[in-house]
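4 protein chains.
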Amino acid sequence: MTAGRHFLQIPGPSNVPDRILRAMDYPTMDHRGPAFADVGRKALEGMKSIFKTEARVVIYPSSGTGAWEAALVNTLSPGDTVLMYETGHFAALWQKLALKLGLSPVFIDSDWRAGADAARIEEHLRADKAHEIKAVCVVHNETSTGSVTDVAAVRRAMDAANHPALLMVDTISSLASVDYRHDDWGVDVTISGSQKGLMLPPGLSFNAVSAKAMQVSESAALKRSYWSWAEMAGPNDTGYFPYTPATNLLYGLNEAIDMLHEEGLDTVFARHKRHGAAARAAVEAWGLEVLCKKASDRSPVLTAVMVPEGHSADNFRAVTLRNYDMSLGNGLSKVADKVFRIGHLGDFNDLMLIGTLAGVEMGLRDAGVPHRAGGVQAAMDLLGQKFESARAAA
Amino acid sequence: MTAGRHFLQIPGPSNVPDRILRAMDYPTMDHRGPAFADVGRKALEGMKSIFKTEARVVIYPSSGTGAWEAALVNTLSPGDTVLMYETGHFAALWQKLALKLGLSPVFIDSDWRAGADAARIEEHLRADKAHEIKAVCVVHNETSTGSVTDVAAVRRAMDAANHPALLMVDTISSLASVDYRHDDWGVDVTISGSQKGLMLPPGLSFNAVSAKAMQVSESAALKRSYWSWAEMAGPNDTGYFPYTPATNLLYGLNEAIDMLHEEGLDTVFARHKRHGAAARAAVEAWGLEVLCKKASDRSPVLTAVMVPEGHSADNFRAVTLRNYDMSLGNGLSKVADKVFRIGHLGDFNDLMLIGTLAGVEMGLRDAGVPHRAGGVQAAMDLLGQKFESARAAA
Amino acid sequence: MTAGRHFLQIPGPSNVPDRILRAMDYPTMDHRGPAFADVGRKALEGMKSIFKTEARVVIYPSSGTGAWEAALVNTLSPGDTVLMYETGHFAALWQKLALKLGLSPVFIDSDWRAGADAARIEEHLRADKAHEIKAVCVVHNETSTGSVTDVAAVRRAMDAANHPALLMVDTISSLASVDYRHDDWGVDVTISGSQKGLMLPPGLSFNAVSAKAMQVSESAALKRSYWSWAEMAGPNDTGYFPYTPATNLLYGLNEAIDMLHEEGLDTVFARHKRHGAAARAAVEAWGLEVLCKKASDRSPVLTAVMVPEGHSADNFRAVTLRNYDMSLGNGLSKVADKVFRIGHLGDFNDLMLIGTLAGVEMGLRDAGVPHRAGGVQAAMDLLGQKFESARAAA
Amino acid sequence: MTAGRHFLQIPGPSNVPDRILRAMDYPTMDHRGPAFADVGRKALEGMKSIFKTEARVVIYPSSGTGAWEAALVNTLSPGDTVLMYETGHFAALWQKLALKLGLSPVFIDSDWRAGADAARIEEHLRADKAHEIKAVCVVHNETSTGSVTDVAAVRRAMDAANHPALLMVDTISSLASVDYRHDDWGVDVTISGSQKGLMLPPGLSFNAVSAKAMQVSESAALKRSYWSWAEMAGPNDTGYFPYTPATNLLYGLNEAIDMLHEEGLDTVFARHKRHGAAARAAVEAWGLEVLCKKASDRSPVLTAVMVPEGHSADNFRAVTLRNYDMSLGNGLSKVADKVFRIGHLGDFNDLMLIGTLAGVEMGLRDAGVPHRAGGVQAAMDLLGQKFESARAAA
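Chains as they are written, first to last, in UniProt numbering: chain A, 1 to 394; chain B, 1 to 394; chain C, 1 to 394; chain D, 1 to 394.
If we strip away everything but chain A, and leave its shape as in the complex, we get (with noise of 0.2 Å):
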């Protein structure tokens, strides 16, 4: 028995405001009903306006994984070469799933430390005179490490070596927290979860697909059925879903699009970087290293933290985690025990942001890791320039 409210600051599942949870505590409809139509096609609009899209949005009754395999048994066939970009941890389970699913990825190895480089991606495309890549993939906001892709660089790669396979782009930890353009961007699939930027809790994903993916899917020889974009659309078109949707997390999500309008996306996103910012001045008042060494890559939705050689970041965690309430995120595979990462995305403050600083520089401590104190104090100073015009202007 603890008392007060568990910080949840790891990079998702985010801290799901009490309307959404709210709107999700009615009783079930039913889906086939009149009265449901309004409801699925809310969702599937209202999804188009956070993807940026005129296209088509598919939601899953799924976890983000399931959306990954989504997106390459719709337009992928067995065998096909994908050219992945090793990001982090997230961009090597996609590239596992991949494998599984009989495809042949091609693999851009990388120390973690950046988001993917466009260049590399269009050297690999020039060198594929035959096309056989049919697929090009990558994490937009790499949840393993705290990096962020210029996926508008990605596209301009692609066009430069005038390759003609899909753009797929990870959007799970960064949807609706980052700024994100499927259309203006020219990606053909974009994959998201609901469990991060959306507010909600875990159990829905999605598809965003371009025309030219979906037209691919129509020869794209990987077995699927539950995945099948050809299902959905027919009953999307009137609001309705081919099996049973996941109503009550429909119920939110369309509290969660209406949240998000209220505020404004852009509003939304300049919160977001405003708060990695601080975060990451708590970090070098720390003494202390971000993982992501290339600034521009930094993330705006977490930031992976390193601790100094001969510490363990586990163990720091779980003192965190005991005296003060706060559950982090863990560093994973290649940098298990070596970093942290400190969530600050989803529905989210600057008191809320001060007290997770709060709890890692105690934690810090707490857990003899090496520091210098005054991080928190140099995220409230960051936190206040946002006010300083209006301080000088009184």
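No lab work stands behind these hints: they were computed from the structure.
One or more of the hints may lead you astray.
As the list makes no split between identical chains, a pair holds if one copy fits it or if it spans any two.
[What the hints assert, rightly or not] Taking lysine-lysine and the DSS-like style, the derived pairs with C-alpha atoms no more than 30 Å apart in a straight line are:
hint: 1; residue 1: K42; residue 2: K294
hint: 2; residue 1: K42; residue 2: K386
hint: 3; residue 1: K129; residue 2: K48
hint: 4; residue 1: K334; residue 2: K273
hint: 5; residue 1: K338; residue 2: K386
hint: 6; residue 1: K386; residue 2: K96
hint: 7; residue 1: K212; residue 2: K386
hint: 8; residue 1: K334; residue 2: K386
hint: 9; residue 1: K338; residue 2: K48
Model, not experiment: these values are computed from the prediction.
Got chain A sorted already, so can you dock chains B, C and D onto it with the hints?
Just chains B, C and D, lined up with the frame of chain A:
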């Protein structure tokens, strides 16, 4: 704006009890943290007690359709023959799914007016000297028709034919409503979903997997990743999942398991049988016909009622929804507009049933469907039998 | 552990709709902060539309009993004579309360089988040449008997007698269920509570206060602080309260006001009248007697039913609760164990009513109370009349 | 539309935990039915364990103000002298209430910068040879100033003066946050409310009543009905109430009682003391002054901070609300606009406190209130002391 509580009397999703909705209305937690293990273990272990199995249970964030797919892709190889039985629309959908996955279903047809006939299954198996049939797939409670298949009889038929095929059973609309015994009946894969007898919103599905099925899965060649039992097994053993589970639905599932055991599964089954009998007494009194002809196969979960020739079941349902705010199930494919289905499953009691039957009786009248009055009275008489001995003793 | 939804068919508290429970399930806010003013103003203004008054409404965190006390202590002085009318148990409680506060009630007695008789009130007033009677107090809908008093007739009687007494009306179980008009009917103080027609949990009570009553209160000598209208008036004018209000109940109240206007008050009143008529049709078919003898005074909110001599209403209620999980109202004081009361108010619809009446009919049978079957059928017939013209037209 | 969770840091209502909100979010039940007795008894018995008394506890549907009134009207007669102590605004309100009820309060004045001085009370009592003083009324934790009165010392003073007056203590903002012992300290009437340490929304209030007070009430001549202990006693003995109780708030109360005992009252008290100390460490670091001068009387529940001459506390609060979405308490009457109050009570933990203090520190900066940075750091240092020995041992 309608007053009072909507009567959701489709045969699932069923009415979600407040306790379950409220259990889900809690902050999402860290699915990798130490506290989650208790949630995961309770769900995985608890579901064994519902399936009546000592074997492994797998939980997916997906609709029931996903669990159909999971059962097949984990155990079969491309082109494998599966023996399926057309008890109704959902059996037919499962067969179509098998086709899409590249399997070769043999489909035993039927008039949709009874559960699967074990003798016909036995014939097919005896004829299959080469053991090309890799799995026998039946639906326990066919939601489109209201017929129940005697699964123990199917098992006996398979044993009598001395056939090694796997036995797969869809219990999506029967689990936790109709007596079911995964181990006793020698089932290899049981498929189920959250939104019927488990009283949850849709969004979770299940496979219960026998040791034999688990072993078969090692050499099964259909491609799989999201649905892979092997991926689940490791993390599940300590209460975790290989990808983000649908945390809040798991909260609800654990509450549902508690509620079912508090009432007692046998009491739950008896309650459904009594309500099924009362619903059929009403149908008989109305002078209408129950779709399921075979008396022993009639479902305790739902009652599909045939509308007299020349009348529209869908018009009747629309009138009933408009006049009495009650949703009934529609007739599907072969019986579209010819039957309506009354769901009487899940969190349900005598007075809710009478309200439901009254809505049907008044709706028949309002829609001009020929019938005799007195169905509600007949149901009340039947329900009262339970208390007769008490009255006699008094 | 019982399955399904409990039938709460006492004549209040009534069933609280999910929308209202969910509206209350939000964090308590700063009752002195700027955002609260909107909550407070909406509640105070909204309640005027429900009372149909332009005058002041006062909201207390208290039960309805508190609002009775408030009406008296704000307007009267020690020893003042008040004319009260014994329509039933609650009128008698109000009279006892007046005695405890040091007032001198004149209590017009009755057999509890009708609303207040305006002619008898007029007699008393005409006889009171010295105008010693300072207030006339009647109960609009007597919850213990199911009789309604014609308040407009009482007003006319007072006017005919040319008597200056204040008119005070208890609408605890009628407001928002039975047509009521504070201003049109010249009422000085209307008393009400949250847990009946307003569909809220108990905990809020109300006074609607005419300008005359407000003026009278300035010289009223009964001591008061918590209940003081004068204390409320100032803060209320800007949406605030002089002490911490019951914030979360106010959230629910605002939702209730919205719901009532969405359905339309006239539609709400008509719904209750139709349900009252259907309940009485059932009682008649059972061969039982409604407590309220005067047809025009029978309540749309509840029906009190007399149990045949030699039978126990309380035993019947206990049996019904045990067998069918339905709570009915008991007979109070004079009619203890002789009547039971069926509540059919608040958030209620046709199928809930039929379920309720079925519970009564089956309970009568199980408890061995002599009656004829057919009450439910009679109610169904009456309810169907609403749709007859549609059927005729079809 | 603001993102993230509002920081409600007024000194009550405090943050309501999800468990309590969810416990309240259940259908209202029959308050006269057999199941209610368990709810009522649990609440009435449970509150004894919180007040630390074997005597009777009375629960009102009302604000805390109502419980003040109840204490007086049950025990006193018109014109009775009561000795009250002006520890701050709320003590003054209670005194005004006594005046309105026709009592004769003797009011010991103070500068609002300490708890009640037992010595001064003793002087008054010693001087009252005729025992005209019928009650001594003190506020345990004065919410307007953040000072705590040593109630045991007051009891000792009364005993030393050998004075028979009743001892009445307002614990509205201390109960379940600051150690309190109704029986041990010989208190006759303890007053409390639901919305502070009990973590509920406002709407319930309490009297704990000694046997002596109960006896005195028999001859007390102030008029009462709603507040009458005698009316409550009978029904309460079996778990019921004389009028409709605030059922859903009682559900929440029972959950709160469970939560307090799960954490342990002593742990709860220690948590509040530590947070009070941390808050004061921050104030000291800012170079600001705590309103309560006497160190031993400083409240673990809230900290009232004086703003430097020439600066507006209310402007600071408005800026903090606008920039950081945090509500702070305002200065009341004598100290209006001169102090702000930080609530750190109820369901609260270290990181919430740091977020709160960060909001204050950043708000001071944004509002241009002279202060030194470093308050948050000082609080973090103090909070860390708890874990020092663990660190030393590691």
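Hint check results:
{"no.": "1", "hint": "K42 x K294", "result": "neither (39 Å within a copy, 43 Å between copies)"}
{"no.": "2", "hint": "K42 x K386", "result": "neither (35 Å within a copy, 34 Å between copies)"}
{"no.": "3", "hint": "K129 x K48", "result": "neither (35 Å within a copy, 54 Å between copies)"}
{"no.": "4", "hint": "K334 x K273", "result": "within (27 Å within a copy, 44 Å between copies)"}
{"no.": "5", "hint": "K338 x K386", "result": "between (33 Å within a copy, 27 Å between copies)"}
{"no.": "6", "hint": "K386 x K96", "result": "neither (43 Å within a copy, 46 Å between copies)"}
{"no.": "7", "hint": "K212 x K386", "result": "neither (43 Å within a copy, 55 Å between copies)"}
{"no.": "8", "hint": "K334 x K386", "result": "neither (37 Å within a copy, 35 Å between copies)"}
{"no.": "9", "hint": "K338 x K48", "result": "neither (38 Å within a copy, 38 Å between copies)"}
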